[in-house]
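**Q** In case you want the letters, here they are:
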Amino acid sequence: LAVDALQRQSRLSLLQLAKSLAAMERDGLVKVSGPPGEEVVRLIEGD
Amino acid sequence: VSAVGGAAAAGLLGALVAVGELVSRYRDDPARAILSLSATLYVGVNAAGAVAAFALISTFGWRFGASSESLPVTQVLVAGFGSAALFRTSLFNVTAGDQVIGIGPSAVLNVLLSAADRAVDRKRARIRSETTTASMDGFSFEMGADALVAYCFAAMQNASADEVKDIEDKIVALRAKPNDHMPDQVKSYGLGLSLVTVVGDKVLHEAVQRLKGSLSRMSSESAVNEQGEQRERGGPKTAAREQQVLDILRENGPLEEKELQKQAQLTIIQYGDLIGDLQRRRLVELDKSSGQDLVQLAGASGEG
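So the protein lines, in turn, are chains A and B.
Just so you know, our numbering puts 1283 at position 45 of the first sequence, and the rest follows in order with no gaps.
Just so you know, our numbering puts 0 at position 2 of the second sequence, and the rest follows in order with no gaps.
Next comes chain B alone, as it looks inside the complex:
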């Protein structure tokens, strides 16, 4: 193997290692992650590192215990796959405060690689954000999160149990009390961004489109049922109370929960039934952004 041939082979191996790293890191759309300027830079730096490692190995005649016949191939493989390990060797140490920092070629190589990797990540983040918000637009987290996850993982054949658990944990976190104030649509985007990493943007888009129809039918059926139940439950009396609550909110604007309960003269159980019902029907909403639990007419926060 000539020196040029060996260097080319080592460079090619270094490039393949870099492509492999990028594919494993940006699983949602590896092809698009690789076909970018930053990714080319990442692959280029890794390949150049492998070529430089091969040059060092050849110059100093390092044999790695190989026999004469297998020496060229061993040198190419070590340079191609092991350039990072080779360059990790520190030439000297510098003490900064109470830390000892190794200074060697690896520091320069790592800075270049992490800068290129960060650039790929930023580019992917922008694209992921655009495609995911477009797919998840108008999809209700509260109504459809569980159905969407079930659908996506049923469509996938090779999703691991860990990936499923990660997504389920994400849903639990989004439903937790500290996120109560987060708008439903934002939660939906958050879920979409987690799901897209596993299933990719095309599967996510397809799943959301298919589920939107079913959820919207379910929502109208449930509204009809609720109205029926309400007629059976409270009849005109409940309707009058609802009207009274809506009138109070119209006159006063957002009201603290306790104040609304007092003004409407509702027992706590009546309050829970009535406001819960109005909230489900999206006539009122609970606003916690000010630190107080305020009840307001739906959409009132966006008017100002």
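The shape of chain A in the complex, shown without the other chains:
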């Protein structure tokens, strides 16, 4: 899912979303990739 779409759906500010994504990435739940401003978030599937 694109970060833009995720932000619209979650109604979070970009800063709040960024902090949440950073925490989720640290916990190995999601992977954020792509060039600045056009990032995509992918769920990392568990074992």
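Honestly, the hints are just simulated from the structure, not real lab data.
Please note that the accuracy of each hint is not assured.
Said to hold, decoys possible - Below, computed lysine-lysine pairings styled on DSSO-like, alpha-carbon distance capped at 27 angstroms: (1) B/LYS256 with B/LYS175; (2) B/LYS121 with A/LYS1257; (3) A/LYS1269 with B/LYS200; (4) B/LYS256 with B/LYS235; (5) A/LYS1269 with B/LYS256; (6) B/LYS121 with B/LYS200; (7) B/LYS286 with B/LYS175; (8) B/LYS168 with A/LYS1269; (9) B/LYS210 with B/LYS163; (10) B/LYS200 with A/LYS1257; (11) B/LYS175 with B/LYS260; (12) B/LYS168 with B/LYS121; (13) B/LYS200 with B/LYS163; (14) B/LYS256 with A/LYS1257; (15) B/LYS163 with B/LYS175; (16) B/LYS168 with B/LYS200; (17) A/LYS1257 with B/LYS260; (18) B/LYS235 with B/LYS200; (19) B/LYS210 with B/LYS168; (20) B/LYS235 with A/LYS1269; (21) B/LYS210 with B/LYS200; (22) B/LYS210 with A/LYS1269.
Model the placement of chain B on the given structure of chain A, informed by the hints.
**A** Chain B in isolation, oriented as in the chain A frame:
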């Protein structure tokens, strides 16, 4: 018991009931709530109601099932404690629209009592607002709310679980998203006004003064740690990015978050780390008042 003695006793009981009501309603400083003109009026109206009730009871010879020996005392007690119930009796009903309104002495008594009570409330509100804002001035809600509540309730010996829960709910509500735009200091005042009802203004003032020192030391230690962490984390590269963001904001003024992210060429994770860090260090702030999420240099909103 003579008629005058009975009336005086009933009036005194009525006054005591009114004082009791005011003490239970204005718990933060009952003494100051009672010692005001409006409170005197409230107590006076209640006492006059009790005297009038005693006069009615004596005139019509109501006995309330009491024997001859206990009759005077019963009449005084009913007049003193039960004047409100006695006057609640409606003499006749008036239909207004689809509502039936009872008209009787209670309507007049209630209007007088609620007007006096409202006047006491307004006076207390002004005093509470003055003392609480003076106590909470310069106290950070975000940094110190939990510590302040813990400290105040640790100092109190008889605070109930409901009172603690009410305050905790208040903190949760102030931290909720709809209040994001509310300045930290205003949240701090709101918390102070809730706390002062339970702990009183002196305990609140004392607690804030004691915590301010600790919080300020904690804040400087955390700033030093953050700088250390930042040096380890990003070093000169992060410092350059920070400078770039600050320069962009200086040149453009408040910028929509997405626009700032694009101009600074930051990934969303870098953006979160960097802006979050700058926000913690109070170099930038997020302004949501216009409906957009704008990032601006700290203090920029107060310049215009």
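**Q** Take the hints in turn and mark each one as holding or not.
**A** Here is what the structure says about each hint:
| no. | hint | in the structure |
| --- | --- | --- |
| 1 | B/LYS256 with B/LYS175 | holds (20 angstroms) |
| 2 | B/LYS121 with A/LYS1257 | violated (45 angstroms) |
| 3 | A/LYS1269 with B/LYS200 | violated (52 angstroms) |
| 4 | B/LYS256 with B/LYS235 | holds (21 angstroms) |
| 5 | A/LYS1269 with B/LYS256 | holds (20 angstroms) |
| 6 | B/LYS121 with B/LYS200 | holds (18 angstroms) |
| 7 | B/LYS286 with B/LYS175 | holds (11 angstroms) |
| 8 | B/LYS168 with A/LYS1269 | violated (36 angstroms) |
| 9 | B/LYS210 with B/LYS163 | holds (24 angstroms) |
| 10 | B/LYS200 with A/LYS1257 | violated (40 angstroms) |
| 11 | B/LYS175 with B/LYS260 | holds (25 angstroms) |
| 12 | B/LYS168 with B/LYS121 | holds (24 angstroms) |
| 13 | B/LYS200 with B/LYS163 | holds (22 angstroms) |
| 14 | B/LYS256 with A/LYS1257 | holds (15 angstroms) |
| 15 | B/LYS163 with B/LYS175 | holds (20 angstroms) |
| 16 | B/LYS168 with B/LYS200 | holds (21 angstroms) |
| 17 | A/LYS1257 with B/LYS260 | holds (17 angstroms) |
| 18 | B/LYS235 with B/LYS200 | violated (50 angstroms) |
| 19 | B/LYS210 with B/LYS168 | holds (21 angstroms) |
| 20 | B/LYS235 with A/LYS1269 | holds (23 angstroms) |
| 21 | B/LYS210 with B/LYS200 | holds (15 angstroms) |
| 22 | B/LYS210 with A/LYS1269 | violated (41 angstroms) |
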